[in-house]
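Engineer: One-letter residues, chain by chain:
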Amino acid sequence: MHELLNTLSTLDLAPFALSFKLATITTIILFIIALPLAWQLSQSPSKIKPIIESLVSLPLVLPPSVLGFYLLVAFSSFDLAFTFRGLVIASCFYSLPFMVQPLQGGFESLNKNMIESSYIAGKSKWITLFRVALPNIKPALMTALIITFAHTVGEFGVVLMIGGSIPDETRVASIAIYDLMNNLEYGKAHIYSAIMLLISFVVLLSVYIFNHKQKYFKGVRA
Amino acid sequence: MISLKINKALCGAKGKMNLELDLEIKQGEFLAISGESGAGKSTLLRILAGLEKAGGGVVVNGQNWKNVPVQQRQIGFVFQDFGLFENMSVEQNLLFVSNDKVLADELLNITQLSELKRRKPNTLSGGQKQRVALARAFMNRPKILLLDEPLSALNHEMRLKLQKEIVKLHQRFDCTSLMVSHDASDIYRMASRVVVMELGKVIKDGTAKEVFTTDNSLLQGEVLEIQKDKIVILVGQQLVELERLDYEVLKVGDIVSLKTDI
Chain Y
10 MHELLNTLST
20 LDLAPFALSF
30 KLATITTIIL
40 FIIALPLAWQ
50 LSQSPSKIKP
60 IIESLVSLPL
70 VLPPSVLGFY
80 LLVAFSSFDL
90 AFTFRGLVIA
100 SCFYSLPFMV
110 QPLQGGFESL
120 NKNMIESSYI
130 AGKSKWITLF
140 RVALPNIKPA
150 LMTALIITFA
160 HTVGEFGVVL
170 MIGGSIPDET
180 RVASIAIYDL
190 MNNLEYGKAH
200 IYSAIMLLIS
210 FVVLLSVYIF
220 NHKQKYFKGV
230 RA
Chain W
544 MISLKINKAL
554 CGAKGKMNLE
564 LDLEIKQGEF
574 LAISGESGAG
584 KSTLLRILAG
594 LEKAGGGVVV
604 NGQNWKNVPV
614 QQRQIGFVFQ
624 DFGLFENMSV
634 EQNLLFVSND
644 KVLADELLNI
654 TQLSELKRRK
664 PNTLSGGQKQ
674 RVALARAFMN
684 RPKILLLDEP
694 LSALNHEMRL
704 KLQKEIVKLH
714 QRFDCTSLMV
724 SHDASDIYRM
734 ASRVVVMELG
744 KVIKDGTAKE
754 VFTTDNSLLQ
764 GEVLEIQKDK
774 IVILVGQQLV
784 ELERLDYEVL
794 KVGDIVSLKT
804 DI
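One line per chain: the protein sequences are Y and W, in this order. Just so we're aligned, residue 10 is where the first sequence starts under this note's numbering, counting upward by one. Just so we're aligned, residue 544 is where the second sequence starts under this note's numbering, counting upward by one.
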């Protein structure tokens, strides 16, 4: 017990702080990029739509090492490898589908006549997005934001290849656990892992509770 | 004046068909469009609104509307499923179209929605939603009013009242109106002209009287029940009991013609 407390008090929380900083910045950037993209995809009957959808979804199926390799090649001429900025860019690629897909799904499930009523009222596509479409897909919006955040916190392969393990720069929580294991510091690895487990569970739980409530209250009022 | 020359391939209920129309609609006319479902009536409204593309052309007051976006057509549209903004209250639904509180209040009054103006659409009944959609359609002072079965969810009393109110507003805003309807009462009371569509084409065109009246001394009815000594027939909304004479050939559900003495 005494030993546990001792370990806890000397615990370096910097990797967690770095993970959350990375996830927050990535989520904000991705929201700004993905919102117009998802809106356009949901409204477009274009023939090139499947191509764009496939590109967006690639990170879901590609091994992280493939993405990491190409990004490293691309980064080599910009001085971005093994920097925090490089990590942010890599995370944006890696988490893109987790932001785009829920938003696009939400937009596509909206009543088409509601969107058209806004156009008939003389409102542009963008005003319709912010005043009509977005306020009516709150559960999808919540899912997109939180899953993107959580997925970025949980990233490992790409971060390892792009960032390495530089303390306070690229050494995020998942990397720290990997390092601890390699150094046979199982006590600390246990604690780090437990914290990650707990955070991940709470994040997912909050999404599901929120969405359940939204559905339930809509059902009662209707 | 609206001149519609439209052709478009459609997948209707009975397979593929071609929507082929050549219609001239005068300024101020109130045109009813009737016909079986899947005849292309709603599609016609959507093409005129700019929500769907079609071959041919739509010319309004001499201007070709091919490249006029839906936002600039100054149209009022009542969708069959209403298309209300779910995140806004009844009043906000109207004010979103145009921030004209005076007009909004007046329209809410006419449609008897003033008491409900702070409610969200998903707390309203079907008939109430339809009235919101109607009120909202007038908010941008439309030059063309497109109504897709605008009174179908209303009870008889409200229906009669709004038939009159819609015609009044149609005159006040100097609209040209197109209304899809199956209801002979709506059409007779509101429309100055009726076209009947079948499989994408106009098969009848005239006044309600010309199009719907066949033989004045004949009433159509549906056999509802056959009893030992009488049969019950539904004529319009009225039940008629007739003595049963020799009706061996009749069965429930048959449509019969009744000759009147008038």
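It should be emphasised that the hints constitute simulated quantities derived from the structure, not laboratory data. Every residue gets a Cβ at the ideal spot worked out from N, C-alpha and C, and that includes glycine. Any given hint might turn out to be false.
Claimed, not checked - Simulated pairs of lysine-lysine, PhoX-like, Cα-Cα distance not exceeding 25 angstroms:
no.: 1; chain 1: Y; residue 1: Lys121; chain 2: W; residue 2: Lys704
no.: 2; chain 1: Y; residue 1: Lys222; chain 2: Y; residue 2: Lys197
no.: 3; chain 1: Y; residue 1: Lys147; chain 2: W; residue 2: Lys660
no.: 4; chain 1: Y; residue 1: Lys222; chain 2: W; residue 2: Lys747
no.: 5; chain 1: W; residue 1: Lys707; chain 2: Y; residue 2: Lys224
no.: 6; chain 1: Y; residue 1: Lys56; chain 2: W; residue 2: Lys596
no.: 7; chain 1: W; residue 1: Lys752; chain 2: W; residue 2: Lys559
no.: 8; chain 1: W; residue 1: Lys660; chain 2: W; residue 2: Lys707
no.: 9; chain 1: W; residue 1: Lys752; chain 2: W; residue 2: Lys802
no.: 10; chain 1: W; residue 1: Lys707; chain 2: Y; residue 2: Lys56
no.: 11; chain 1: Y; residue 1: Lys56; chain 2: Y; residue 2: Lys121
no.: 12; chain 1: W; residue 1: Lys548; chain 2: W; residue 2: Lys744
no.: 13; chain 1: Y; residue 1: Lys121; chain 2: W; residue 2: Lys596
no.: 14; chain 1: W; residue 1: Lys559; chain 2: Y; residue 2: Lys132
no.: 15; chain 1: W; residue 1: Lys802; chain 2: Y; residue 2: Lys121
no.: 16; chain 1: Y; residue 1: Lys56; chain 2: W; residue 2: Lys744
no.: 17; chain 1: Y; residue 1: Lys121; chain 2: W; residue 2: Lys663
no.: 18; chain 1: W; residue 1: Lys747; chain 2: Y; residue 2: Lys121
no.: 19; chain 1: W; residue 1: Lys802; chain 2: Y; residue 2: Lys224
no.: 20; chain 1: W; residue 1: Lys596; chain 2: Y; residue 2: Lys134
Stated by the list, open to error - Just the calculated beta-carbon pair ranges, DEER-fashion:
no.: 21; chain 1: Y; residue 1: Leu64; chain 2: W; residue 2: Val645; range: 50 to 58 angstroms
no.: 22; chain 1: W; residue 1: Ser695; chain 2: Y; residue 2: Ser133; range: 40 to 48 angstroms
no.: 23; chain 1: W; residue 1: Val611; chain 2: Y; residue 2: Ile60; range: 39 to 47 angstroms
no.: 24; chain 1: Y; residue 1: Ser63; chain 2: W; residue 2: Gly558; range: 27 to 35 angstroms
Engineer: A separate judgement is required for each hint: does it hold in the structure or not?
Structural biologist: Here is how each hint holds up against the structure:
| no. | hint | result |
| --- | --- | --- |
| 1 | Y:Lys121 / W:Lys704 | violated, 30 angstroms |
| 2 | Y:Lys222 / Y:Lys197 | violated, 38 angstroms |
| 3 | Y:Lys147 / W:Lys660 | holds, 23 angstroms |
| 4 | Y:Lys222 / W:Lys747 | violated, 53 angstroms |
| 5 | W:Lys707 / Y:Lys224 | violated, 40 angstroms |
| 6 | Y:Lys56 / W:Lys596 | holds, 17 angstroms |
| 7 | W:Lys752 / W:Lys559 | violated, 32 angstroms |
| 8 | W:Lys660 / W:Lys707 | holds, 22 angstroms |
| 9 | W:Lys752 / W:Lys802 | holds, 19 angstroms |
| 10 | W:Lys707 / Y:Lys56 | violated, 47 angstroms |
| 11 | Y:Lys56 / Y:Lys121 | holds, 20 angstroms |
| 12 | W:Lys548 / W:Lys744 | holds, 12 angstroms |
| 13 | Y:Lys121 / W:Lys596 | holds, 16 angstroms |
| 14 | W:Lys559 / Y:Lys132 | violated, 34 angstroms |
| 15 | W:Lys802 / Y:Lys121 | violated, 48 angstroms |
| 16 | Y:Lys56 / W:Lys744 | violated, 31 angstroms |
| 17 | Y:Lys121 / W:Lys663 | holds, 19 angstroms |
| 18 | W:Lys747 / Y:Lys121 | violated, 32 angstroms |
| 19 | W:Lys802 / Y:Lys224 | violated, 57 angstroms |
| 20 | W:Lys596 / Y:Lys134 | holds, 18 angstroms |
| 21 | Y:Leu64 / W:Val645: 50 to 58 angstroms | holds, 51 angstroms |
| 22 | W:Ser695 / Y:Ser133: 40 to 48 angstroms | violated, 31 angstroms |
| 23 | W:Val611 / Y:Ile60: 39 to 47 angstroms | violated, 31 angstroms |
| 24 | Y:Ser63 / W:Gly558: 27 to 35 angstroms | holds, 33 angstroms |
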